[in-house]
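> Model the placement of chain Y on the given structure of chain C, informed by the hints.
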Amino acid sequence: PSCFIFNKVGSDSPGTLSKNFLFPSPIQDLSLPNGTPVDTSSPASSSSLLNRLQLDDDLDVETRDLFVTVDDPKKHVCTMETYITYRVTTKTTRAEFDLPEYSVRRRYQDFDWLRNKLEESQPTHLIPPLPEKFVVKGVVDRFSEEFVETRRKALDKFLKRITDHPVLSFNEHFNVFLTAKDLNAYKKQGMALLSKMGESVKYVTGGYKLRTRPLEFAAIGDYLDTFSLKLGTIDRIAQRIIKEQLEYLVELREYGPVYSTWGGLEVELSEPLEGVSACIGNCCTALEELSEDMTEDFLPVLREYILYAESMKNVLKKRDQVQAEYEAKLEAVALRKEDRPKVPTDVEKCQDRVECFNADLKADMERWQNNKRQDFRQLLMGMADKNIQYYEKVCATCWSNGRNKSSLFSSAEGIIIQDIFTLS
Amino acid sequence: MEDCLAKKMEITVSEAEKRTGRNAMNIQETYTAYLIETRAVESQSEGQCAPVDSLWRRYSEFELLRNYLSVTYPHIVVPPLPEKRADFVWHKLSADNMDPDFVERRRIGLENFLLRVASHPVLCQDKIFYAFLTQEGGWKEMVNETGFQLKADSRLKALNATFRVKNPDKRFTELKHYSDELQSVISHLLRVRARVADRLYGVYKVHGNYGRVFSEWSAIEKEMGDGLQSAGHHMDVYAASIDDILEEEEHYADQLKEYLFYAEALRAVCRKHELMQYDLEMAAQDLTSKKQQCEELATGTVRTFSLKGMTSKLFGQETPEQREAKIKVLEEQIQEGEEQLKSKNLEGRDFVKSAWADIERFKEQKNHDLKEALISYAVMQISMCKKGIQVWTNAKECFSKM
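Quick note, the sequences are listed as chains C and Y, same order.
Residue 1 is where the first sequence starts when you use the UniProt record's numbering, and the numbers rise one by one after that.
Residue 1 is where the second sequence starts when you use the UniProt record's numbering, and the numbers rise one by one after that.
Since the hints were derived computationally from the structure, they do not count as laboratory data.
Where hints are given, some of them may not hold.
27 Å max Cα-Cα, derived DSS-like pairs, lysine-lysine [to be verified]: (1) Y:LYS396 with C:LYS372; (2) C:LYS75 with C:LYS153; (3) C:LYS157 with Y:LYS151; (4) C:LYS372 with C:LYS230; (5) C:LYS74 with C:LYS160; (6) Y:LYS401 with C:LYS362; (7) C:LYS157 with Y:LYS401; (8) C:LYS386 with Y:LYS396; (9) Y:LYS290 with C:LYS393; (10) C:LYS230 with Y:LYS401; (11) C:LYS313 with C:LYS230; (12) C:LYS317 with Y:LYS222; (13) C:LYS386 with Y:LYS401; (14) C:LYS230 with C:LYS188; (15) C:LYS349 with C:LYS209; (16) Y:LYS222 with C:LYS313; (17) C:LYS153 with Y:LYS396; (18) C:LYS243 with Y:LYS386; (19) C:LYS393 with C:LYS243; (20) Y:LYS396 with C:LYS230; (21) C:LYS157 with Y:LYS222; (22) Y:LYS205 with C:LYS243; (23) Y:LYS222 with C:LYS230; (24) Y:LYS328 with C:LYS362; (25) Y:LYS386 with C:LYS393; (26) C:LYS386 with Y:LYS386; (27) Y:LYS401 with C:LYS372; (28) Y:LYS222 with C:LYS372; (29) Y:LYS396 with C:LYS393; (30) C:LYS243 with Y:LYS396; (31) Y:LYS205 with C:LYS230; (32) Y:LYS387 with C:LYS243; (33) Y:LYS290 with Y:LYS326; (34) C:LYS160 with Y:LYS401; (35) Y:LYS140 with Y:LYS151; (36) Y:LYS387 with C:LYS386; (37) Y:LYS205 with Y:LYS386; (38) Y:LYS371 with C:LYS393; (39) C:LYS393 with Y:LYS205; (40) C:LYS386 with Y:LYS205.
Just chain C, same shape as in the assembly (with noise of 0.2 Å):
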C-alpha cells in the first residue's frame, strides 16, 4: 500500500489511467449521478461559481442547502485491526435525498473509496485531496488525539469542498457515502461491476500521446509546478521554523532555572532574577502555544494545498488524454477516407468529450484559484496573527507582569523598572 492517497489514483501508467476516466459509454451513462449529465456541467459551474463567491461574502446560509460536518472520531479495537470511525452528519433540502437529516459513521478508507469513486465517476473534475494515509512513516502514532484531530479537520474539508462543488455534490456515490447505514454491501456491488469491465477499458485507451498540449492549458501546467514547487519550499520552511523554535525551546527551559539558583544565592537580588526566571518560563508557554499553533493549523494546510496541486496535474493528465484519443482519431478519419467529408459519429463525441472537458477544467480552476486566495489569506494572516499573539503574550504576561496594555507600550523605561521590581 502506497503511503500517499494520490500515488494511488494518479499513477502515470496508462492502464491505471484508464481505469480512471475513459470508460465505455454504458458504464459512463451508469455512472452519472442523477440528473446531472455530464455535458452541461460546464455552465453549471460557472453559475454556482458565482453564487459561491456570494457565499464566501456574506456567508449567506439560506442559499445552501446541503450541509455535512465530520466529528466525534471513535476508536475501534477488534480481533483483525484497530481503526478510528468518524461521525458525517449530513443536513439537506435536496431533493436527491430522502431524509432531511443523516448520521453516519465512516472511516478511512471509506473516505478512500469515495475520493476513487469520484475520481472514476467525475474524470473531468478536479477532486479534493484526502489527508495523507501517513503522515510521517513510523514516527506517528495513529491513534494520538492531533493526529486524529488533525485527520478530522482535514476529512471535513475534504466533504465541505465536495459539497461546494455544483457537480460534485451531486454525485451518487457521495449521496450514498453521506447516506448509506451499510457503506460495505454497496462498495462490493460496485466492485464486482468493475473487476467485470476492468480489461476492456485498459484495451480503450492505451498508447494515444499528445504532441502539444493547448497554450492555456500549458500555463495552467507550468502555474501548477511553480506552485507545488514554492508550497513545497514553504512546507520545508514552516517545519524548519518548528524544529528551530522546539529547540530554542529546550535552552530557554534550561536558561530560566539558573536564574531561580543564582536567586537563591543572593538576599537583594533574589526578586529580581527570581522575576527574571518566571519571565522566561512565561516564555516558554507563550512558544510551545505558538509552535503547537503553527504545527496543527499552518502545516495541514500546506499539505492539502499541495496535494491539491497534485489533483489537479492529474486531471491536466487526463485532459490531454482525451485530447490525445481524438486528434489520433481525426488524423486516421484524413487518411482513410479522403473523400467523404462526413466526420463519424464516434470522433463527434470525442470531440464533445474534449470540449467538456476543458470547460469543466477551466471552471474548476477558477473555482480552486478563488479558493485558494482565500484560503491562503487566511492562513497567512493566521501566521501573523499567531506571531503578533506570542509577542504580546510574552510581552504583557512576562515582562511587565500583569500591567495593563497601555501602561507597557506607551511606557518610559521607568514604569518598567517598576513592573519588573514589583513582582510578587
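Leaving out everything else, chain Y in the frame of chain C:
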C-alpha cells in the same frame, strides 16, 4: 568617595589600534593598543576646559597594573579586567582576538575597569595607577621598582592548595563558598545564554527564507502577487532584526561576565585571609612547642616522648651550663615569637576590618549593577517583542490585501 580620582578626572579609552612589533625575544607579534584619554575636571569651572592628555597602553600593561593592585591591596576586591580571549560566544561571534567587534567590546571593558579603579575609595589614590593614566614612558620600570612581585605570595598561585586552618573565620568561609557558587552559576548562565542566542538566531534567520519564496511565488500569482511580495519584504526585515537584538544582548552578557570575574577577585581576598590565618596559627603552634621545650629543660621532665629525651637518657645528662644556655636561647625565641604573634594578630584584625569594609562596598555595588543589568535586559526583551509585533503587523496587513 568625595575626593576619588573619578571625580577629578575624566577617563576614557577612546580608541583601539592594531599594531605589529617585536617582543622581548625579538619575535614579531601583533597586538592591540588602546588610547587612554584623561582630562582634569576643574572644581571651579571657568568655562575653560583643561587640555586632554592621551597615551597608549596595551592589554599586557593593564594586566600588570591589575597584578600590582591585587598584590598591594590584598584586602580589596580589585575590579577585574575584561576577558583576554572571547569566551561564552555563540556561533556567529568570532573568538578571534583581533575581531573588530571583540576589540570594541574589550575597549569598553577596559574603560570600565579604569573607571572602577578610579572611583574606588582606596585604589584611586594609588600613585602607580595615576602614573598609568598620565605617564607613558618608564611606567613599567616604576611598577617593578615597587618590588610588588616580592610581596606576591607564591603560595597563592598554587590555585588549589588548601591550607588547613584550624579556626577559620566563618564569615570568610561563607564568602568563599558564595564566590564559588556565584562563579559557577554565572558561567552556567552565560553558557546557556549563548546557546539560547544561537537558537533564537536560527528561528529568526529561517524566517528569512519566507522572504525569498514569497517573492518567487508572487511572480506566478495575479491578485495575490503584490501582497505576497511585500509580505516577503517584511520577512526579510524580521530575519535581519535579530542581528541588532543579539548585538545588544552581548552587552548584557559582558555585564554578567564582569561579575563572573569579580567572583574570582572576591575569592582571592578570601584566600589571602585564609593564608594569613594559616600563618598566624603556624606561628602560634611554633610558640607553644617552644614554650613546652623550655619547660621540659627547666624541670627536667619529659612529658612527651622525643628523640632528644632518649638521647639524653642514653648518653647522659647535659651539663647545667649547657642547659642554661639552651633555655636562654629558647626564652629569647619565645619572646620574639610572642611579639610576632601579637603583630600578626593585629595585622589580621586590621585585614579583616578593612577587607570586610571593602566587601560590604562591593556587595552594594554588585546589587546595584546587577539590578540595572537585569532591568536593561528586560527592556531589551520588551523592545524585541515590540519589534516582532511591528513586523508581523505589517506582514499581516500585506496578507490581508491578498
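> Look at each hint and say if it fits the structure.
Hints and how they fare:
About 17 Å separates the Cα atoms of LYS396 (chain Y) and LYS372 (chain C), which keeps this hinted pair within 27 Å; it holds. The hinted pair formed by LYS75 (chain C) and LYS153 (chain C) meets the criterion: a straight-line CA distance of about 16 Å does not exceed 27 Å. With a C-alpha separation of about 83 Å, the suggested pair LYS157 (chain C) and LYS151 (chain Y) falls outside the 27 Å cut-off, and the hint is violated. The hinted pair formed by LYS372 (chain C) and LYS230 (chain C) meets the criterion: a straight-line CA distance of about 14 Å does not exceed 27 Å.
Between LYS74 (chain C) and LYS160 (chain C), the direct Cα distance comes to roughly 21 Å. Compliance with the 27 Å bound is thereby established for this hinted pair. The hinted pair formed by LYS401 (chain Y) and LYS362 (chain C) meets the criterion: a straight-line CA distance of about 25 Å does not exceed 27 Å. Note on LYS157 (chain C) and LYS401 (chain Y): the hinted pairing holds, with a Cα-Cα distance of about 24 Å set against a maximum of 27 Å. Pair hint LYS386 (chain C) plus LYS396 (chain Y) holds up; C-alpha atoms about 10 Å apart against a cutoff of 27 Å.
Note on LYS290 (chain Y) and LYS393 (chain C): the hinted pairing is violated, with a Cα-Cα distance of about 74 Å set against a maximum of 27 Å. Between the alpha carbons of LYS230 (chain C) and LYS401 (chain Y) the distance comes to roughly 20 Å, so the proposed pair stays at or under 27 Å and holds. Between LYS313 (chain C) and LYS230 (chain C) the CA atoms are separated by roughly 15 Å; this keeps the pair inside 27 Å, and the hint holds. About 24 Å separates the Cα atoms of LYS317 (chain C) and LYS222 (chain Y), which keeps this hinted pair within 27 Å; it holds.
For the hint pairing LYS386 (chain C) with LYS401 (chain Y), the CA-to-CA distance comes to about 18 Å; that is within 27 Å, so the pair holds. The hinted pair formed by LYS230 (chain C) and LYS188 (chain C) fails the criterion: a straight-line CA distance of about 41 Å is larger than 27 Å. Our distance criterion of 27 Å between C-alpha atoms is met by LYS349 (chain C) and LYS209 (chain C), whose separation comes to about 19 Å. Annotation: proposed proximity of LYS222 (chain Y) to LYS313 (chain C) holds, straight-line Cα distance about 20 Å (limit 27 Å).
Our distance criterion of 27 Å between C-alpha atoms is met by LYS153 (chain C) and LYS396 (chain Y), whose separation comes to about 24 Å. Taking the CA atoms of LYS243 (chain C) and LYS386 (chain Y), the gap is near 24 Å; set against the 27 Å cutoff, the hint holds. Using a Cα cut-off of 27 Å, the hinted pair LYS393 (chain C) and LYS243 (chain C) holds, with the two alpha carbons roughly 21 Å apart. Taking the CA atoms of LYS396 (chain Y) and LYS230 (chain C), the gap is near 20 Å; set against the 27 Å cutoff, the hint holds.
A threshold of 27 Å between alpha carbons decides the hint, and for LYS157 (chain C) with LYS222 (chain Y) the separation of about 25 Å falls inside it, so the pair holds. Restraint check for LYS205 (chain Y) and LYS243 (chain C): satisfied, since their Cα atoms lie roughly 13 Å apart, inside the 27 Å limit. Under the criterion of a C-alpha separation no larger than 27 Å, the hint pairing LYS222 (chain Y) with LYS230 (chain C) is consistent with the structure, at around 15 Å. Taking the CA atoms of LYS328 (chain Y) and LYS362 (chain C), the gap is near 123 Å; set against the 27 Å cutoff, the hint is violated.
A C-alpha spacing of about 11 Å is found between LYS386 (chain Y) and LYS393 (chain C), which places the hinted pair at or below 27 Å, so the restraint holds. Annotation: proposed proximity of LYS386 (chain C) to LYS386 (chain Y) holds, straight-line Cα distance about 15 Å (limit 27 Å). This hinted pair checks out: LYS401 (chain Y) and LYS372 (chain C) have alpha carbons roughly 14 Å apart, not beyond 27 Å. Taking the CA atoms of LYS222 (chain Y) and LYS372 (chain C), the gap is about 12 Å. The hint holds against a cut of 27 Å.
Distance restraint check for LYS396 (chain Y) and LYS393 (chain C): the Cα-Cα separation of roughly 18 Å lies within the 27 Å cut-off, and the hinted pair is therefore satisfied. Between LYS243 (chain C) and LYS396 (chain Y) the alpha-carbon distance is near 23 Å, which keeps this suggested pair within the 27 Å criterion. For a cut-off of 27 Å, the pair hint linking LYS205 (chain Y) to LYS230 (chain C) stands: about 18 Å separates their Cα positions. For a cut-off of 27 Å, the pair hint linking LYS387 (chain Y) to LYS243 (chain C) stands: about 23 Å separates their Cα positions.
The straight-line distance between the Cα atoms of LYS290 (chain Y) and LYS326 (chain Y) is roughly 11 Å, inside the 27 Å bound, and the hint therefore holds. Only pairs whose Cα atoms come within 27 Å are accepted, and LYS160 (chain C) paired with LYS401 (chain Y) is accepted, the gap being roughly 25 Å. Using a Cα cut-off of 27 Å, the hinted pair LYS140 (chain Y) and LYS151 (chain Y) holds, with the two alpha carbons roughly 17 Å apart. At most 27 Å may separate the alpha-carbon atoms for a hinted pair to count; LYS387 (chain Y) and LYS386 (chain C) meet this at roughly 15 Å.
Distance hint between LYS205 (chain Y) and LYS386 (chain Y) is fulfilled; the C-alpha atoms sit about 18 Å from each other, no more than 27 Å. Proposed proximity of LYS371 (chain Y) and LYS393 (chain C) is supported: the alpha carbons are some 24 Å apart, at most 27 Å. With a CA separation close to 22 Å, the supplied pair LYS393 (chain C) and LYS205 (chain Y) stays within the 27 Å bound. As the CA atoms of LYS386 (chain C) and LYS205 (chain Y) are separated by approximately 18 Å, the hinted pair is consistent with the 27 Å bound.
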